[in-house]
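Dock the two chains into a complex; use the hints.
From first to last, the protein sequence lines stand for chains U and Y. Its first residue numbered 1, the first sequence is counted upward by one per residue in our numbering. Its first residue numbered 1, the second sequence is counted upward by one per residue in our numbering.
If you are wondering where the hints come from, they were derived from the structure by calculation, not from laboratory data. A hint or two may mislead.
[Claimed, not checked] What follows is a list of derived Cβ distance ranges for each label pair: (1) U/Glu185 to Y/His243: 33 to 39 Å; (2) U/Asn237 to Y/Arg302: 47 to 53 Å; (3) Y/Glu121 to U/Lys324: 42 to 48 Å.
[What the hints assert, rightly or not] List of simulated lysine-lysine pairs, DSSO-like, C-alpha gap at most 27 Å: (4) Y/Lys129 to Y/Lys62; (5) U/Lys141 to U/Lys175; (6) U/Lys75 to U/Lys141; (7) U/Lys20 to Y/Lys180; (8) U/Lys87 to Y/Lys206; (9) U/Lys87 to Y/Lys213; (10) U/Lys87 to Y/Lys196; (11) U/Lys265 to U/Lys20; (12) U/Lys28 to Y/Lys42; (13) U/Lys175 to U/Lys35; (14) U/Lys175 to Y/Lys148; (15) U/Lys119 to U/Lys154; (16) Y/Lys180 to U/Lys144; (17) Y/Lys129 to Y/Lys249; (18) U/Lys87 to Y/Lys338; (19) Y/Lys124 to Y/Lys148; (20) Y/Lys190 to U/Lys175; (21) U/Lys175 to Y/Lys85; (22) Y/Lys210 to U/Lys87; (23) U/Lys34 to U/Lys265; (24) Y/Lys42 to U/Lys175; (25) U/Lys175 to Y/Lys196; (26) Y/Lys210 to Y/Lys190; (27) U/Lys236 to U/Lys28; (28) Y/Lys148 to U/Lys20; (29) U/Lys20 to Y/Lys42; (30) U/Lys20 to Y/Lys85; (31) U/Lys87 to Y/Lys190.
Backbone N, C-alpha and C fix where the C-beta goes; we use that ideal spot for every residue, glycine too.
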Amino acid sequence: MNELRRDPITGRWIIVFLDKIPAVSDFKVEPHAKKKEGCPFCWGSESFTPPEIIAHRKYGAPNTPNWTVRVVPNKFPALRIEGELNKEGIGIFDMMNGIGAHEVIVDSPDHFRDMADLKCPEIEEVVWAYLARSMDLRGDKRFKYILIFKNYGKSAGASLEHPHSQLIALPVVPKRVIEELHGAERYYDYRQRCVFCDMIRQDKEEKSRIIYEDERFIAFCPYVSRFSYEVWVLPKNHRSDFANMPRDHVPGFARAMKNALARIKTLLSDPSYNFIIHTSPINGHEREDYHWHVEIMPKLSKVAGFEWGSGFYINPVPPDVAAKNLLSVKVEEK
Amino acid sequence: MPELRRDPIIGRWVIISTERAKRPDQFGIGKVEEERRPGSEKCPFCEGNESMTPPEIYALRKPGTRPNGPGWDVRVIPAMFPLLKVEESLDRHGAGMYDIMNARGAHERIIETPQHLRETELSKEQITKCMNVVLDRMRDLERDPAIKYVLFFKNYGEAAGAGPLWHSRSQIIGTPVNLKRVKEELAGAKSYYEYKDRCIFCDIIKQELKDGKRIVAQSEYFLAIAPFASRFPFETWIIPKEHACDFYKMERGRVPDFSGLLRLIFAKMMKVIGDFPYNLVLHTAPFRRESGKKGYWETIERDYHWHFEVLPVLTRVAGFEWGSGFYINPLPPEDAAKSVREAQGATS
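Looking at chain Y on its own, in the form it has when it is part of the complex (with noise of 0.2 Å):
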């Protein structure tokens, strides 16, 4: 009997299908294409290169060198095509009905290795160092008044919407609006503390340690659970295991400690499925500049809790999930999270 799951923080609704199920390695689309590694020479991100981008933001360099030359370790850069822009004005107007403003906000593109590698190849300490710049630069926009909310993401793989090009990348958007998932997200966390006054994320914690069976992996700081109303096959979410709701205010000692679980549970999950597409989204609250606001903001701090979504690319999202938000997932979260979890991965 297919079953109902309904996500208790913003009411959607899953269908867990498993008479569809298929064997963990028989989800159609979702291989990352081997034969093309590209040479390092053409490729823009590669360190020797820098004259191939825009200038860049920001960068993580050894001492003595200088920037948009070699010599780094993280680079930040202009996206190429960006889809706001810092130098535009906002300039909010109507047109008869409807509600028009410039593109004004922030895109930048976080090269995560200055060598021609994909993400499965940094080590441990490569991802704790683009963290850390992840922090920098959310911590910097925050100054920019314009910005209510800084989204971090990853596309890997063509089918996830990724470009051709092979280097390890993400991506960060600063948006002058905040954005309907977000709140959708923010206000079904109100609602719930208003009630229970405690926060969801840790009351799912708990049930979540308690239960065991939907645990992906664990680190000292950290938790990795395959969520009850998972979306989508090997859906997982990263979420600290101590209350806390701006991933940019993370104490730079437990950086480490993350990386090393996100590590962790991508060479687990492509022990399962292999080389797999996926979008990493972070879900963190939005900047709030007057502290102690009331109204929306004035629970934000106890009842929201920052997580990661690694949403794997296996099955295509059809006009029925589009039309009723309601998805269908032929895999129980059970078994994905079983699977991964007693899959032998590398050790950092």
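Extracted from the complex, chain U is given alone in its bound form (with noise of 0.2 Å):
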């Protein structure tokens, strides 16, 4: 029999099968093409990008190669940086201009491994990039939220091959991101507690989706998985805003990434996937009723006409079933 399950922070419903589970061995993945003639993003290229915002490197100048991460402007910005806002409406539709910021962060000069093949101490270098960048970013006042996320391959939209990571600041807060605050706010409203404490204190005591936990961060299969195989990271105390997160935190973090992504690659023999850091707006304070997480959503089957016009997830892999699957697998730990 098959189960609807409904989200306690957006409210959505997913559709999990309980009888026709599919085996690993049904996702057809598709193969990753790996190129390395003319790639923009490793050493040697440097001049192929627009000059780079920030870097890390022992030594040499701005723009050359050496470096062990490296943020650049998006070549094609889906925003541009320059201008002003002006708003205005049309009949019954509003627009602004498209003002923000779109960055690239090269996670790796190494054109053959993806954050799952890096060292620890190499993940870390780029939490450390994304932390610089947001910290930078919110200084400016036009912007409203800032969008950290990662596609790795190419049916999860990646355009270029060699892995990196992106971030978008926005202008507005988007829609997703208000849905996902306000049904927080609601549970906190009503329990005086955060929604996503609650879901970490459920999961330690059902035990049977966690696929990862050290003091400070755990990762986990939610109960109502969207995907197949989708997989959350959170800090276990409670915190909102990425971008405050204290330095000393940051190699625990990167465990935990590396542990949950290395699991879903060896597991579903690399798989697409994307991965959303999901924080609170820019206001510059701590909020009691939400939790800063990232969610990792291998993509191993289509979105359908379904899931469009119903808000409707199908999952055909209970999130059990994938935590046990997941921790069955032996991954490097560092």
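Right under this line is the structure:
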């Protein structure tokens, strides 16, 4: 029998298959092209990107090789940094200029290793770049929200194969974020507790969905997973703002991300995926009702008409089965 | 300069990023593969192969023919792997902080032709028959009190989530809960109505008819537009010019006019972008079994307006879109509408 489950944050429903669960080998994964030639993100190709915003390098001048992580403006930005918003109405329609920042974080100089293959200290450098760029951009009064995400693989929307993440600073708070904030606020008003803290508590009691846990971070397959093998990574102690992460938490976060991504890669034969950092809007103070987290979504099935029309997701792999399978593979810890 | 546009109904923002614009034929992923036209002997949806499917729920049959045999024009069967089942009981319960219920509902497949044809090969008369069957099925499902909403949709092409079979078909899902996207749209329409005392969709129709630049095509009773805040290149909405909130109550006399427009816009779009994968989704009001119910449904007859959305799958939806509900569309809807409007489509 299939089951309908309701997400306690946004109220969206998902359908979980309980009778006909696909095996790991039932998911077809497209191979990733691996061609280094002409890649603008490799050492020596620095002049093919716009000049860098920041980079980590032991020695050498900006826009030369020998960096370990590098942030550049997106060459084909969805939004532009210069200009005013000029909000206006056209009849019943509203519009404004597409002002914002669109940056690319090149995770490492290695063309062939995705974040799942990097060593923890290398991931720490990527996180350092996320935090540094977030802190810098929140000084710009035009921006309301900073979205950090990663598309890996063609079917996840990545147009360049060299592993990279992206950052977009937006002049409005996006709709899904507003929905999530409202849901969390409603839950808090009623219970005076953070809905994410409650999820962590329930998952720790039931244990069956946890795939990683240490002193500060936890990773689990959420009870209301929209996608097969969806994984969330959260700080165990309540914190609403990703950019305010204490610097001594960075190694723990890198370890949790490495563990989750490596398990997905090993079990599912290197699938395409998206991850998105969900954090509170730019406003400078910690919120009691919201909890930052990362949502990792392997691209294993296509979203079809039913999902578009309904906001109702079909997940053929129950999250406790996903967690059990993810735990069954051996991964490098560091 | 890219533009941020806001959907006036649900408040979703779209970035129209012309700097990333491509010519219509340059959208990468969506080509429906031609080579796989398997023979009809093995197709469970072809006339003569009725025994390969579960027994039919309903069919438009020639006089004197028997259920589950040949002699039909349109046939409705239960989905082979139903997401929701009519036989289940709902059994709502909680598990700690979470809510659960059994997957009670309906999941049906509409086989749109007895011949081994694709969507693009159906005549206006055949589409009219299909639409009439959809109306019949929705009227029937309204009698099941456990079903709150009926979703009618079509996935065309593998990139849009369709299976590998060739035969033209669509799906109906009756759900035991009201759906989140539907609720958002209803809430948006209701709040506009409360403020202005007018239907927001009627206002959009008026403005589009006046502006003209986002009109794709129109018929006597229906209008096809590229919406102002289109999420996808060549996104198209088909909407009745006259206010109506329930699709399934459409006058039967208008079905041929609707089917003709549907056929025309797909023929025109194919002239511009080739054989493309898409999702076609009906948006209509939920069932209201207590008439004149106060509160949420009180003004729905006046504030909501049914329509179809055609969502071509030409770009990939990436992490950014999922995380933000904020879409990046590289093609301004005005340009999309112009090229489709000016394409010479097949006539019926």
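Evaluated hints:
The given range of 33 to 39 Å is respected by U/Glu185 and Y/His243, whose C-beta atoms sit roughly 35 Å from each other. Taking 47 to 53 Å as the suggested C-beta distance range, the pair U/Asn237 and Y/Arg302 conforms, at roughly 50 Å. Checked against the hint of 42 to 48 Å, the C-beta distance between Y/Glu121 and U/Lys324 comes to roughly 47 Å, which is consistent with it. For the hint pairing Y/Lys129 with Y/Lys62, the CA-to-CA distance comes to about 13 Å; that is within 27 Å, so the pair holds.
Distance hint between U/Lys141 and U/Lys175 is fulfilled; the C-alpha atoms sit about 20 Å from each other, no more than 27 Å. Among the hinted pairs, U/Lys75 with U/Lys141 is consistent with the structure: their alpha-carbon atoms are about 24 Å apart, no more than 27 Å. A threshold of 27 Å between alpha carbons decides the hint, and for U/Lys20 with Y/Lys180 the separation of about 26 Å falls inside it, so the pair holds. Proximity of U/Lys87 to Y/Lys206 is assessed by CA-CA distance (about 23 Å); at most 27 Å being required, the pair is judged to hold.
Using a Cα cut-off of 27 Å, the hinted pair U/Lys87 and Y/Lys213 holds, with the two alpha carbons roughly 22 Å apart. Only pairs whose Cα atoms come within 27 Å are accepted, and U/Lys87 paired with Y/Lys196 is accepted, the gap being roughly 22 Å. Distance check on the hinted pair: U/Lys265 and U/Lys20 sit about 23 Å apart at the alpha-carbon level, within 27 Å; holds. Taken as a hint, the U/Lys28 and Y/Lys42 pair is honoured in the structure, with Cα atoms around 24 Å apart against an allowance of 27 Å.
Using a Cα cut-off of 27 Å, the hinted pair U/Lys175 and U/Lys35 is violated, with the two alpha carbons roughly 37 Å apart. Using a Cα cut-off of 27 Å, the hinted pair U/Lys175 and Y/Lys148 holds, with the two alpha carbons roughly 26 Å apart. The hinted pair formed by U/Lys119 and U/Lys154 meets the criterion: a straight-line CA distance of about 24 Å does not exceed 27 Å. Proximity of Y/Lys180 to U/Lys144 is assessed by CA-CA distance (about 25 Å); at most 27 Å being required, the pair is judged to hold.
Taking the CA atoms of Y/Lys129 and Y/Lys249, the gap is about 16 Å. The hint holds against a cut of 27 Å. For the proposed pair U/Lys87 and Y/Lys338, the alpha carbon gap of about 26 Å is at most 27 Å, so the pair holds. Pair hint Y/Lys124 plus Y/Lys148 does not hold up; C-alpha atoms about 31 Å apart against a cutoff of 27 Å. A distance of roughly 18 Å separates the Cα atoms of Y/Lys190 and U/Lys175; the hinted pair therefore holds under the 27 Å criterion.
With a CA separation close to 33 Å, the supplied pair U/Lys175 and Y/Lys85 exceeds the 27 Å bound. This hinted pair checks out: Y/Lys210 and U/Lys87 have alpha carbons roughly 23 Å apart, not beyond 27 Å. As the CA atoms of U/Lys34 and U/Lys265 are separated by approximately 16 Å, the hinted pair is consistent with the 27 Å bound. A hinted pair counts as satisfied when its Cα atoms are at most 27 Å apart, and Y/Lys42 with U/Lys175 does not qualify at roughly 46 Å.
Distance restraint check for U/Lys175 and Y/Lys196: the Cα-Cα separation of roughly 23 Å lies within the 27 Å cut-off, and the hinted pair is therefore satisfied. The straight-line distance between the Cα atoms of Y/Lys210 and Y/Lys190 is roughly 24 Å, inside the 27 Å bound, and the hint therefore holds. With a C-alpha separation of about 34 Å, the suggested pairing of U/Lys236 with U/Lys28 is violated against the 27 Å cut-off. Note on Y/Lys148 and U/Lys20: the hinted pairing holds, with a Cα-Cα distance of about 26 Å set against a maximum of 27 Å.
A hinted pair counts as satisfied when its Cα atoms are at most 27 Å apart, and U/Lys20 with Y/Lys42 qualifies at roughly 24 Å. At roughly 14 Å between alpha-carbon atoms, U/Lys20 and Y/Lys85 fall within 27 Å of each other, so this suggested pair holds. Under the criterion of a C-alpha separation no larger than 27 Å, the hint pairing U/Lys87 with Y/Lys190 is consistent with the structure, at around 25 Å.
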